[in-house]
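Number of protein chains: 2
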Amino acid sequence: MEANDKQAVNKEFTEECGKILAAVSDALYAIGGKWKLMIIIAMARGNNRFTELQRQVKGISARVLSNELKELELNGFIVKKVSVGYPVSIEYELLPYSHTLEEVVGAMTRWGMQHREKIKNDIAASGASKS
Amino acid sequence: MEANDKQAVNKEFTEECGKILAAVSDALYAIGGKWKLMIIIAMARGNNRFTELQRQVKGISARVLSNELKELELNGFIVKKVSVGYPVSIEYELLPYSHTLEEVVGAMTRWGMQHREKIKNDIAASGASKS
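Chains A and B, in that order, give the protein sequences. If you use our numbering, the first sequence corresponds to residues -12 to 118, in order. If you use our numbering, the second sequence corresponds to residues -12 to 118, in order.
A portion of the hints provided could be inaccurate.
Copies of the same chain are indistinguishable here, so a pair counts whether it falls within one copy or spans any two.
[To be verified] Only pairs whose alpha carbons sit at most 20 angstroms apart, straight line, appear in this in silico PhoX-like list of lysine-lysine: (1) LYS68 to LYS105; (2) LYS23 to LYS105; (3) LYS6 to LYS45; (4) LYS57 to LYS67; (5) LYS57 to LYS68; (6) LYS45 to LYS23; (7) LYS6 to LYS21; (8) LYS23 to LYS6; (9) LYS23 to LYS67; (10) LYS68 to LYS107; (11) LYS23 to LYS57.
Derived by calculation from the structure, the hints in this document are not laboratory data. None of the values given here were measured: they were computed from a predicted structure.
Extracted from the complex, chain A is given alone in its bound form:
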């Protein structure tokens, strides 16, 4: 390959890498962190009230859940519905845009499950080699 061709290929490769990194960075900015995907998953399975979400998403504090819900609303994933009456009832609902995350959630779920299996096997193997 000529030096110029190689340089062109390298440039394209670096640009492509930059594009993928930018896309993943955008995704992490919107849905990254410890909680956002978890909250969306819990909502997709019928947990629509603050207390239900807090019970389902283990370890989240009320303050953090409240902030995360606000950010999810700002990004168009969910909507907060307040029904007037007594007592006032507040429910959070997923908006259609949240469904665009199904592929990401599916991939993360499958990977997390196989990763847990791997860790279990690694621990079993290291136990067996010690005994």
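Starting from the known structure of chain A, fit chain B onto it as the hints suggest.
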């Protein structure tokens, strides 16, 4: 549906939700945060030295990159190779286990790209409605 049947369905639904949340939580624990996937993507595209990684993964500090590389090594995604000689050369290489992340990276990349398009269109639309 009988009350007992409904309870059984609810229980199964809650258990399934719990399993998905646990899997995604495991995944986020191992590959969550702002940098790990980005580092793996940059390495998969031929950036194997510390300085290359720091240049490619925009905004990461040397201290954070160093910590992230250590954690990626502990989790079996990469290996640090030190070749003796003068000067000593250090390179990071992906291990086969990192390839199990391809589906997750692909899903995140596609979602990030469409999300960027959506944001652009939202901004264009809000600009048009103002003028």
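* **Up to 20 angstroms CA-CA - LYS23 versus LYS45, copy category** => Within one copy only: 13 angstroms inside a chain, 23 angstroms across chains, cut-off 20 angstroms.
* Asked: Is it within, between, both, or neither for LYS23 and LYS6, if the alpha carbons may be no more than 20 angstroms apart?
  -> Close across copies (17 angstroms), not inside one copy (24 angstroms); limit 20 angstroms.
* Identical-chain pair category, LYS57 with LYS68, by Cα at 20 angstroms -> Only inside one copy: LYS57 and LYS68 sit 13 angstroms apart there, 45 angstroms across copies, limit 20 angstroms.
* To do: Please work out whether the CA atoms of LYS23 and LYS57 approach to 20 angstroms or closer within one copy, between two copies, in both situations, or in neither?
  => The answer is within: 11 angstroms in one copy meets 20 angstroms, while 26 angstroms across copies does not.
* Asked: How do LYS23 and LYS105 come out at 20 angstroms by Cα distance, when the copy is not named: within, between, both, or neither?
  -> between (25 angstroms within a copy, 19 angstroms between copies)
* Since the copies are identical, ignore which copy is meant and state whether LYS68 and LYS105 lie within 20 angstroms (CA to CA) inside a copy, between copies, both or neither. => Intra 42 angstroms, inter 24 angstroms, cutoff 20 angstroms: neither.
* Asked: Under a CA distance limit of 20 angstroms, which applies to LYS68 and LYS107: within one copy, between copies, both, or neither?
  -> neither (42 angstroms within a copy, 27 angstroms between copies)
* To do: Give the relationship of LYS6 and LYS21 under a CA distance limit of 20 angstroms: within one copy only, between copies only, both, or neither.
  => Between. Shortest inter-copy distance 16 angstroms satisfies the 20 angstroms Cα cut-off; intra-copy 24 angstroms does not.
* Can you tell me if LYS6 and LYS45 fall within 20 angstroms by alpha carbon in one copy, between copies, both or neither? -> Classified as between: cross-chain Cα gap 12 angstroms, same-chain 35 angstroms, threshold 20 angstroms.
* **Within, between, both or neither, where LYS23 and LYS67 count as close if Cα-Cα is 20 angstroms or less** => Answer is within; shortest intra-copy Cα gap is 15 angstroms, inter-copy 33 angstroms.
* Quick one: LYS57 to LYS67, C-alpha cut-off 20 angstroms, is that within a copy, between copies, both, or neither? -> within (9 angstroms within a copy, 41 angstroms between copies)
The structure is inconsistent with the numbered hints 1 and 10, although it conforms to all the rest.
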